[in-house]
Every structure is written in structure tokens, then in C-alpha cells.
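**Q** Hey, can you work out the whole structure from these sequences and the hints?
Going by my numbering, 1843 is the number at position 583 of the sequence shown; the sequence numbering is gapless.
Heads up, simulated DMTMM-like pairs for lysine to aspartate or glutamate below, C-alpha to C-alpha not over 20 angstroms straight-line:
{"no.": "1", "residue 1": "1384", "residue 2": "1553"}
{"no.": "2", "residue 1": "1645", "residue 2": "1824"}
{"no.": "3", "residue 1": "1836", "residue 2": "1963"}
{"no.": "4", "residue 1": "1463", "residue 2": "1488"}
For the record, the hints were derived by calculation from the structure and aren't laboratory data.
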Amino acid sequence: MHYLQRLVVLVCITLTVTKLSNTSVKLVSNGYEGIYIYIDEFVEENATLISRLQEIFSEASETMFMVTERRAYLRKITIVLPKKWTSKGKYRLIPKMASEEFIYVTNCEEVSKPNVIGLQECGKPAKFMQLPSCLVFQAGDTPKFGAWDHIIVHEWGHLHWGVYDEYPTNPTDKFYQMNGKWEPTRCSRQLRGTSLITKEPYKDQLCDSANIKSYNLNPVTDCRFIPDREDNVIASLMGSQYISSLISFCKRDTSKEAVDLRHNSEAVNDQNRRCDQRSVWEVLLNHTDFKNENPPVVQGRKVSTKPEFTIVQQGPKILVLVLDVSGSMSGTRSFRQSQAAKYVINNLLPMDSLFGMVSFSSGANILARMTRITDNSVRQSLIEKLPIESGGKTSIGAGLKLAIDLLTSMQNETDGSEIILISDGEENNAPFASNFLQQIMENWIIVNTIAVSQEADILLSNLSTISNGKHFTWLETGYISFADVLSQTITTGGIMSSADSPVIIYSDGKRLEQGRSMSGSFIIDSALGLETVFTVLSDNKSTINAEIRGPGGYITHKTSPVGDALFIEIQRTLPKGRYFFDVTASEANATLSTIVNSKPRSAKERVIQVDSWLSKGKLDYKGKDNVIVYALATRKGSAVINAKTKVLMESPTGDSIEFDLKDEGIGADAKAQDGVYSGYVPRNLLSASGRYNLKIAVSDNNERAMISYSSGTMLSEDTSDSGTGMIQEPTGMFQRVTMPGELFVENYYAAGDITPPGKVFDLALVSKTEEVSGTGKTLYLLSWTAVGDDLDVGTAARYDIRISETIETMRNSFETGRAFVNTSILQTRPSGEKEQYLLRGLVPGGLDEVTYYLALKAIDDSGNSGPVSNMITVGYVLNFTLEHLSDSVQSNDRTRNHVTIIIVCVCVGLLIIGILLLSLICWKRKKRSKGDMEAEAESVAVELYQKEKIHRHTSTKWDRKNLHSRTKDILIVKK
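**A** Below you can see the structure in the form of C-alpha cells.
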């Protein structure tokens, strides 16, 4: 079949069968299906937990149906029990855990608050929701977070619809300026409550206009707003969700909406910052679930919103490896494929898993039927069955068919079983892959694919997409090895990794000249060290020699057989610490790949795990959308923060590109210090259209990283300031490796600087004060985090700052807003640093009550403009000037500390005068005679004695000689 014909077939099948998938969340006829709730392996077995989850999600389903105005409810939910829970054959086993949009019931030692991890761009789904098991057991409303149905709908908003919190999450979020007054951040504006002072000695007094003026307060830092828990307000559930009367989200901020449903566009919160001041309802209706389908169920029609629950248990992994042995794979490709398969079978296949192998070229052959991994002898027998020869055409469909036959022939159900499919070319022989897509979907089989080289069939990535699998590439020309890639299809990674799973802690590659060695080091952290395996792979048939040295004088070395990979399997449990290695190869110009994996020391160890993904797998170079790389580092639900996260990206031209991911809540990163490290793929470093391969190293070599408990979304409380609520402990040194999948770049062309600066998300009004009381001269202190010349890299050339009387002008026609003068001459800071500008001007009487919207965008030295920032509100300003604060005076309180600055200056002046006088005295004393010094010493001694006598309240005898000697020493020092 011609390529285009096959592509059309695949697209058609994709559109018609993806809804059959039950391995990711889908809205089908107003009911969400494919929802998975996983119970962590460290949660103690308790049948009550299952019934409580059923109760909670049944209530949440009914509330969701009401809040979405009859558009959606929870229809099918699967609760997955841990392996170690006793089931006695009662529950069906599933081998594969969902990798996205799942719900995770965790141990309360790690997580104490409901939250969502992995927030992405506005409208995009997050990674998973966390529910502390101790809270789930509580019947009725939770004391701090409200009713469970409100909690679940609130968190579902983050998890699936990609909306953000409408309560304050940052220190500068609590209040904003509106009509000359300080208003609390809330949605809707009808939410009643009390504003109290937090600053001593006025704490808990009303934070009203009179006290703000009388006590010279800055409400942003000195006050807090406590919503009335008994208020009868109806919106919004993304705000103070613990208020029992809430039944809606905030809608559009227009007069067409009821006043108590209107979105608060001026409030300083994450929803406005990340979603361009749009309401939750606007984002919701633009979501793919509702945009073109799933209209509201007509009024009067009865709908049962009670979910259908299925209880299953995590079982052993079930997978089939499908190897390409066609003619195009002959030579190095076939050799490296066999090496990678040997590495995976030897080191990464979990004990008790079921594993089979198939090869294909013009047709297909079964290399190994489904075999349970029980010991190393089974692994060795599988390795011996790996194919040696290659030749013939390419029939991907033939290999898929045999793999499906192996899986469906078992007595087990195939739900969550996996196929790993490798191929390097376009299929050119029947049967074709498109013939078996329906069978894959109906049996809920997950297909992970690896494209070998740029020539591999584009249908591979589509196979993975429609079956909820992963897609990777191996490019041959770089240092990311075939084994690196294949290992990512085996290891679970992320929070759902089992306590007995091997962890890949190190991976690197290097081309050696003859007689040269490859040296490096890896870290065994406190949780790992059991069954550590040091592997070296070569692209030619070299003899490999390796030596490892570690803590306490540990040393080992080994030489591989000729033309074979080197495996050093360390039987003892290694102590934590840094290990050094040296590797040599017998053949010249060998490319060596070194991989280290290790297991947890015991089943009770909480291990740092990493996971990674791309915001999308394709980048149109001519388009405006960017691709974001994400890496998530956690320890059983707790965020790992302050780690070093570096991406290695290999291009079609053979170039290697490196860039960092950050967890700072700016640019591509949606939330600071939540364990999700993010960064844009740098367009300016791309070199061609085609496949790009990415590998991410997450590490802490300097012991700066921390485990942050209760990270993620922080729910508001009405009893006190929410604060950060975080407890931190050091991770110690560690290393991890992960791969997010293939990036495909299309429509590349050679161009100059076409990448604009990034968007500012955290523009804030830090304070507003009168420069001189009663004059109308007003100071606004503005703050934001600097963006780069190219997105979040480098330094922007300048900022275009404008104000307007309408929010629509700022959103839709920024350039027509009133511009501030002289911004081009103001110095800008590198990306990630804090910018602070002082807006100084005259506010005429009465015009302080006029609200203006202020926003900005960054511009680079090529004239590329970034997106418009989030907006803040200020009063009318006349004859304004803008001043960029220097490092030495950047302080949030600068505008209210002029007196302090004057005092400091006076003190410094007096100190300088004192130093000059002292120098003059010392110069004169140098000319005094020895007798004069003795006389002065005598006088000082008498004075010293009198002081000591008074101080001690005693008649201490005057030791004239001793005091005289001490005083001489003093004078000598002075001299």
C-alpha cells in the first residue's frame, strides 16, 4: 500500500478508535472514563479506604455535573490496589500503570494536603492529583479544606481542565488597587470577609483605610483577608473552595453575567496570571471536552451521576519486544539493537514479569514465547535467542500481529500489556500496521515505539499516540545510546515506580581515540546500592576494560569478552558516596556508552524518582507555538527542589545541544519549587528539520537539593495565613537519568534571530505610598522576574510598559495603550533575576479613584516582542517618571524608608569625621615624648581604676603597677 494511503487509513482509524481507550481520561457523552486512582505501596491495607474513595468520588461526580451546568460527571473509575495488599485472587491484575492524569492516594508522612503536581500551560492537563490517605479516612468535611466534593472538583480543575487557583499563592497576591482603595484578592468580588493586620504591634486590628493611613501600613505585606466561611456566595470553587455555599466557577467579567458570578479580572492570582485574565469558565468552555462536543444534558432528562467503580490490583509487567531484522538494519544498527536488548533483559526486566520476543522483516517469527522472569538463568536463555542475522523487506504489521497473538493467547486479560516496537524504515511489505490498530485498541494494549534513524516510518509515533504509549528515537550519530532509549520503555519512572525496581542513575557516552580512556564518576545515594550494575557498550567489537573505585577503598575491575558488552554486577550492597571509574577499549575510535543502575537497599526505602515529558512532540519552526520540556523529581509524592537539571539534545545534523530546566515559577515553569523543572526548547539552537533525541540528567552534586513536603497546590484556610506550609530536608547527593521522548521539527529554515523574549507572569504592585503627605505625589513600586532575549534565556533589551483605562486594550491592542517614556535607556537584568521599577508621578485630587490597567512586554535587540504580561491595577498618574532600582537599594520597603536612609547617611558621615579626628590625634601623639606618654598613662590608669571600682561596688586596692602596664598597652595599640 502506498505511504499516503496508509497515512489516510491511520488517521481515519485514529479518529474513530481513540475513544475506545480506557488508559487515559476521555469525556464520552458527558461522562469521564479512564480515571485511575492508585493507592501507594506504603499505605497500610485497609478496606475502609476503598469504600471512602467510592463515597468521595460519587459525591464529587454529582457536584461536577452541577458546576459544569450538566456538561460532565465521573462515569468510570478504576481503583488500583498495591501489589503487597492481600487479594486472594479477588481482584483482576493489571500490569501497566497510567502515566498521566491519574489520582494518587499517598502516605501522610510525605503529603498532608490535597494537591496537583505537574501544572502546565493554561488549559493543559497536569500530571497527577494527590490525596493524603489520612484525610480520606475522615468522614464529612475536612476541618481545613472543606467538603470532599468541593476538594475533588477544585483539584480536577487543575488536573484535567488546566485552570489555576483564584486565591493568593504569593506574598504579593493578597491585595490590589481598585478605585484608589486596597481590595482583597478573591473571586467573586461578592465574597465577604474580614481584612486584618498581621504586623506587630497592630496585629489582628482591622486593616481598613483609617488604620492603613494611621499606622503607615502596606496591605500587600502587612495585612491578610479572611473569607467568611458562613457566607452564602456561590462562586468560585477555584477560590475559597471550603465555603459550603459554593456551586459554581466564576464566569466572564461582563454585565451580562450575574454580579455574584462575575470573574474578578483585577485580582492578583495564578488564574489571571497564567490564563491572560480569563475566567475559569472561559477556559473550561474552550477546552477540547466542551468546545465542539458534549453540550449540556437537556433539563428534565434524568442522569445517574454515580460512577461505575472497578477494583483491580497492580500485577507483574507483561510485554513483548518486537525487533526489526530487515535488510536496512544490517550492520551497526542490528549490532546495537542486540546490545540494547541484552542490557534490558539482563538488568531491567522486573522479577516475575512476563516477557516474549518477536522479530520481523518480510514476515515475522516468534523468538521467545511468554516467559516468566524468575532468575538469571531465565534471562540468559532469553539473551541467547536474540537474532544474529538481518535481511529482507519491512513488514511492521507482521511483527505487530505476532506480538498481539502472544499477548491474547495467555489466560490473563491483556489490559495494560505492552508491546515495544523497533523499526528503522518505512514498511514496504504486507501486512501493514494499520490493519491491526482496531485489535490493539480493543485489547487495550499499549504500544511503545523506537524510531531508528531519520528514515524510520512516521507511523511509529502515531501508533504510540493512539495506544497511550511512549515514542522514542535513536539517531546513531550521537552519544545517547540505543540502550538508553530502550531502557526508557521498560522502566516505569516517576512516582509510580515500585520499591524493587532498578533505577538508572548514570548514563554517558564518548568516542575514544586509540590508547585513550573514558573517566567519570557516579553517585550511590542513601536509598540505593543493592544489585548495582555497571554497563559499558561499544559500537564496534572492542574488548572493554573497566576499573571502579569507591568509598572505603572499594575497588573492582573486569574485562569483557571480545566484541561483547561489559557488565560488572556488584553483589554486595554499596555504601553511599561517589564512585570513580576508568574505561578503555581495544579498538580505535570506539564510541563507548556507560550506564549505571541500582536498586533500593530495602523495600521500605523511599527513593527519588524522575519522570519527563514534552508539552507536544512536534515543533513547527514557522509557527509561534513553543515546545516545553518537563522533568518531575519526587520522593513518594514530595517534591525534590533545588536540583540541577540539564537537557542533552541531539540533532539530525549530529550536533549536541545542552540547556537547563528550572523550577522557579517563571517562563515555561508554571509553579515554583513543586519538583517540576521546565524549559523551552531553544529555537535558536535548532539546525534542521527531523528527529531530535533528548536525555535529561537530574542531580545534586553540591548537597543543595531538598525534599519539600506538602508541595503543590496549597488550599486556602480561613483560620490563618496559608503561608507555604512546607517542611524541607536535604536529599544528599544523588543522580538520575530520564528521557522525555522524541521531538520532531518541521519546516526549519535558516533565519536570523526570530525567537522573542518570554512572557512576564509575575508583574506585581509591591507598594503604593505618598512621597510627601498631602501633595498627591505618589510612588508605585513595581516588581517582576526578568525574562530573556530568547524566551527565558539571556537578557531582554528593554521593556515596553503601558497603561490603559480598559483591560480589553491591554489584552487585545496593547500598542494603543499609553506608553511610559525613556524605558529604552533603563538597564535590564538577566533572565531569572528580580526587576524593580519605581513609578513616580502626580495623582490629581479625585483621580486617585480612577483605575488604570498596567502591563508590559519584553523586547530583544532584534526588535522581537514577547507576549503581554499579566496585568496589575494602579491609579491615574500625571507627569510620571520611571526609575530602575539598583542592586544596592532594591527593597520592597524602599518607598517608605527615606528617613532611615537619611539616618544611615548621617551616621556614615559622622563615622568618617570620627576616623579623620582619630587619625589627627594619633599623628600628634607620635610627636609626644616618652614622659608625656607615661603621664598620660598615669591619668588613664587612675580613670580606669575609678571605673572598675564603681563597676564592682567594692574597695579593691589600687594595683598601680598593673593598671599602669595595662594602660601603656592600650596607648601602644592606639599609637
